[in-house]
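K.L.:
Each chain, written out:
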Amino acid sequence: MSMLEVKNIYKSYGTLEVLKGISFTMEKHETKVIIGTSGTGKSTLLKCINQLDPPDKGKVWLEGQEITNPKIDINKIRQKIGFVFQDFNLFNHLTALKNVSIGLEKVKKIEKEQAQDRAIKELQRVGLKKQAHQYPAQLSGGQKQRVGIARALAMDPSIILFDEPTSALDPELIGDVLDVMKSLAGEVAMLVVTHEMGFARNVADEIIFMEGGVIVENGPPKQMFQNPKIERTKQFLGKISTLYGKE
Amino acid sequence: MAIDIVLDSFPQLMKGLAVTIGLTLTSVFFASILAIIMAIGRSYSRQPIPFLILIYEKIFRGIPLLVLFILIYFGLAQAGIIIDVFIAAVIGLALHSTAYQIQIFRSAINSIPEGQFTAARSVGMSNFKAMRHIIIPQMLRLSIPGWSNEFTIVLKDTSITIAIGVIDLMRQGRYIIVREPESALYILLFIALIYFILVFSINRGLSYLEKRYIISGLEVNNTR
Chain A
-4 MSMLEVKNIY KSYGTLEVLK GISFTMEKHE TKVIIGTSGT GKSTLLKCIN QLDPPDKGKV
56 WLEGQEITNP KIDINKIRQK IGFVFQDFNL FNHLTALKNV SIGLEKVKKI EKEQAQDRAI
116 KELQRVGLKK QAHQYPAQLS GGQKQRVGIA RALAMDPSII LFDEPTSALD PELIGDVLDV
176 MKSLAGEVAM LVVTHEMGFA RNVADEIIFM EGGVIVENGP PKQMFQNPKI ERTKQFLGKI
236 STLYGKE
Chain B
3 MAIDIVLDSF PQLMKGLAVT IGLTLTSVFF ASILAIIMAI GRSYSRQPIP FLILIYEKIF
63 RGIPLLVLFI LIYFGLAQAG IIIDVFIAAV IGLALHSTAY QIQIFRSAIN SIPEGQFTAA
123 RSVGMSNFKA MRHIIIPQML RLSIPGWSNE FTIVLKDTSI TIAIGVIDLM RQGRYIIVRE
183 PESALYILLF IALIYFILVF SINRGLSYLE KRYIISGLEV NNTR
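Protein sequences appear in the order of chains A and B.
So in the numbering used here, spot 103 of the first sequence is number 98, and the numbers just go up one at a time.
So in the numbering used here, spot 223 of the second sequence is number 225, and the numbers just go up one at a time.
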């Protein structure tokens, strides 16, 4: 049994069919990267997985539990699924420390002191211990995103979903965030939507190429970059490599 | 001599002032609670609730306060329901102020990015917890300037309760004037001064509160 199983997901907005039958599985501690052009439903897929935007059809299992079942306590499930947003979405009225500890305090009901100890540890892990008492507006984009990652990590998730975590960042700030993500590989499962081909090539266990609401091709990075089976994959990777650089 | 009249009437005016302050605090208290609930209802609940709240707003913003007071006090009396003037005044002020405060809280809610709620849900908070820990604290901070303005408006509006016979600052002033008509100007000026000092210090106090709870990046442009 896989840790995460996504089976035949369909999602439409009005008459626009965004996802047309997506299926894949993920194992414990695995890192998978989803690539593809904008508007092919990559972000929608992530939101269908943690049920922020439940799919119209299809099922998702996490650790053997069907989480698409409307009867399930989704708030409990979401504690196990971290989410890192493109535009960070840090809680504006809380310090970095509080941003990380609030989930522990209010959702997991851990005592304040213990929760803050844990939060400090997570901030240290992403290299932001010094910024613990700053508010989001006082942090740079890269720092905000690392707080976002610490917030997800603190909940001890089985998997973290990353929705283009670096696309809102200035180029010189991307590296810090990617380094943190690299350091997590193998410790927690990660499903990453990104255009960072260097990250995909070096960190991912598997690359999933999506287009038009379906998975066109998936495989280990080496195979995907060196000899993809499908012509369209080759085209896309060729184009994106010239845009973003090979590494 | 003018100072004597003012000094002599001072205790009586202070008695009226206590009623004015009591009236203001009680009305603002109830109005704020109602308005917060309705503002959240307007932004986060399903039809027909937002529509009904909108109707409420339109009605109570459309009726002059004086008419509302008379309607509540004398109208209800005619229907056989007799209530204390103070209570009638609180009901009128609160219903009226709620209609205005809904807008204050609602525009604060609207200025909170949608991602805040989504992020709260994604760490496993229920709708209720997300409101309680993420949305409402931000809403309250953002509302302070508009709310403190409304607070002083209610304070000033309490003087209209003279029409139904609440013995507030204004009415005590009238008693003195009736007794000593030649002192009218001094007494009225003194009453005006008291209102002014009250409004001024409330604004001062609340802008301190605003600075105290300021969060970098969450400042509100103070247009007052």
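No wet-lab data here; the hints were simulated from the structure.
Where is the CB? At the ideal position from N, CA and C, for every residue including glycine.
Any given hint could turn out to be false.
What the hints assert, rightly or not - A short list of chain A residues far from chain B (calculated; beta carbon distances all over 12 Å):
no. : residue
1   : W56
2   : N70
3   : G77
4   : G98
5   : A149
6   : M150
7   : A180
8   : V211
9   : N222
Stated by the list, open to error - Straight line, CA to CA, 25 Å or less: simulated PhoX-like cross-link-like pairs of lysine-lysine:
no. : chain 1 : residue 1 : chain 2 : residue 2
10  : A       : K2        : A       : K54
11  : A       : K107      : B       : K158
12  : A       : K103      : A       : K42
13  : A       : K93       : B       : K213
14  : A       : K75       : B       : K131
15  : A       : K71       : B       : K213
16  : A       : K116      : A       : K71
17  : A       : K116      : A       : K103
18  : A       : K42       : A       : K52
19  : A       : K107      : A       : K124
20  : B       : K213      : A       : K104
21  : A       : K66       : A       : K52
22  : B       : K131      : A       : K42
23  : A       : K66       : A       : K124
24  : B       : K60       : A       : K93
25  : A       : K101      : B       : K131
26  : B       : K131      : A       : K103
27  : A       : K54       : A       : K116
28  : A       : K54       : A       : K66
29  : A       : K93       : A       : K2
30  : A       : K66       : B       : K131
K.L.:
Hint by hint, say whether it matches the structure.
P.N.:
We went through each hint and held it up to the structure:
Look at W56 (chain A): its CB is around 18 Å from the nearest CB on chain B, clear of 12 Å, so calling it non-interface holds up. Not every Cβ of chain B is farther than 12 Å from the Cβ of N70 (chain A); the closest lies at roughly 5 Å, contradicting the non-interface assignment. The beta carbon of G77 (chain A) sits about 8 Å from the closest Cβ of chain B, which is not more than 12 Å, so the claim that it is off the interface is violated. Under the 12 Å C-beta cut-off, the non-interface status given to G98 (chain A) relative to chain B is violated; the minimum distance is some 4 Å.
The claim that A149 (chain A) lies off the interface is violated: its Cβ sits roughly 9 Å from the closest Cβ of chain B, which falls inside the 12 Å cut-off. Non-interface call for M150 (chain A) relative to chain B: violated, since the shortest CB-CB distance, roughly 6 Å, does not exceed 12 Å. Once the 12 Å rule is applied to beta carbons, A180 (chain A) is consistent with being away from chain B; the minimum gap is 21 Å. For V211 (chain A), the shortest C-beta to C-beta distance to chain B comes to about 28 Å, beyond the 12 Å cut-off, and the non-interface label holds.
The beta carbon of N222 (chain A) is kept farther than 12 Å from every beta carbon of chain B, the shortest such distance being approximately 38 Å. Distance check on the hinted pair: K2 (chain A) and K54 (chain A) sit about 5 Å apart at the alpha-carbon level, within 25 Å; holds. Proximity of K107 (chain A) to K158 (chain B) is assessed by CA-CA distance (about 44 Å); at most 25 Å being required, the pair is judged violated. Distance hint between K103 (chain A) and K42 (chain A) is fulfilled; the C-alpha atoms sit about 22 Å from each other, no more than 25 Å.
Taking the CA atoms of K93 (chain A) and K213 (chain B), the gap is about 20 Å. The hint holds against a cut of 25 Å. The hinted pair formed by K75 (chain A) and K131 (chain B) meets the criterion: a straight-line CA distance of about 18 Å does not exceed 25 Å. Of the supplied pair hints, the one linking K71 (chain A) and K213 (chain B) is violated, its CA atoms being roughly 38 Å apart against a limit of 25 Å. Restraint check for K116 (chain A) and K71 (chain A): satisfied, since their Cα atoms lie roughly 23 Å apart, inside the 25 Å limit.
For the suggested pair K116 (chain A) and K103 (chain A), the alpha carbons sit about 17 Å apart, so the restraint of at most 25 Å is met. For the hint linking K42 (chain A) to K52 (chain A), the alpha-carbon distance of about 14 Å falls within 25 Å, and the restraint holds. With a CA separation close to 18 Å, the supplied pair K107 (chain A) and K124 (chain A) stays within the 25 Å bound. This hinted pair does not check out: K213 (chain B) and K104 (chain A) have alpha carbons roughly 31 Å apart, beyond 25 Å.
For the suggested pair K66 (chain A) and K52 (chain A), the alpha carbons sit about 16 Å apart, so the restraint of at most 25 Å is met. Annotation: proposed proximity of K131 (chain B) to K42 (chain A) holds, straight-line Cα distance about 20 Å (limit 25 Å). Between K66 (chain A) and K124 (chain A) the alpha-carbon distance is near 40 Å, which puts this suggested pair outside the 25 Å criterion. About 40 Å separates the Cα atoms of K60 (chain B) and K93 (chain A), which puts this hinted pair outside 25 Å; it is violated.
A distance of roughly 8 Å separates the Cα atoms of K101 (chain A) and K131 (chain B); the hinted pair therefore holds under the 25 Å criterion. Under the criterion of a C-alpha separation no larger than 25 Å, the hint pairing K131 (chain B) with K103 (chain A) is consistent with the structure, at around 12 Å. Annotation: proposed proximity of K54 (chain A) to K116 (chain A) is violated, straight-line Cα distance about 35 Å (limit 25 Å). Of the supplied pair hints, the one linking K54 (chain A) and K66 (chain A) holds, its CA atoms being roughly 13 Å apart against a limit of 25 Å.
Among the hinted pairs, K93 (chain A) with K2 (chain A) is inconsistent with the structure: their alpha-carbon atoms are about 36 Å apart, more than 25 Å. Taken as a hint, the K66 (chain A) and K131 (chain B) pair is honoured in the structure, with Cα atoms around 20 Å apart against an allowance of 25 Å.
Consistency with the previously given hints fails for numbers 2, 3, 4, 5, 6, 11, 15, 20, 23, 24, 27, 29, ordered from lowest to highest.
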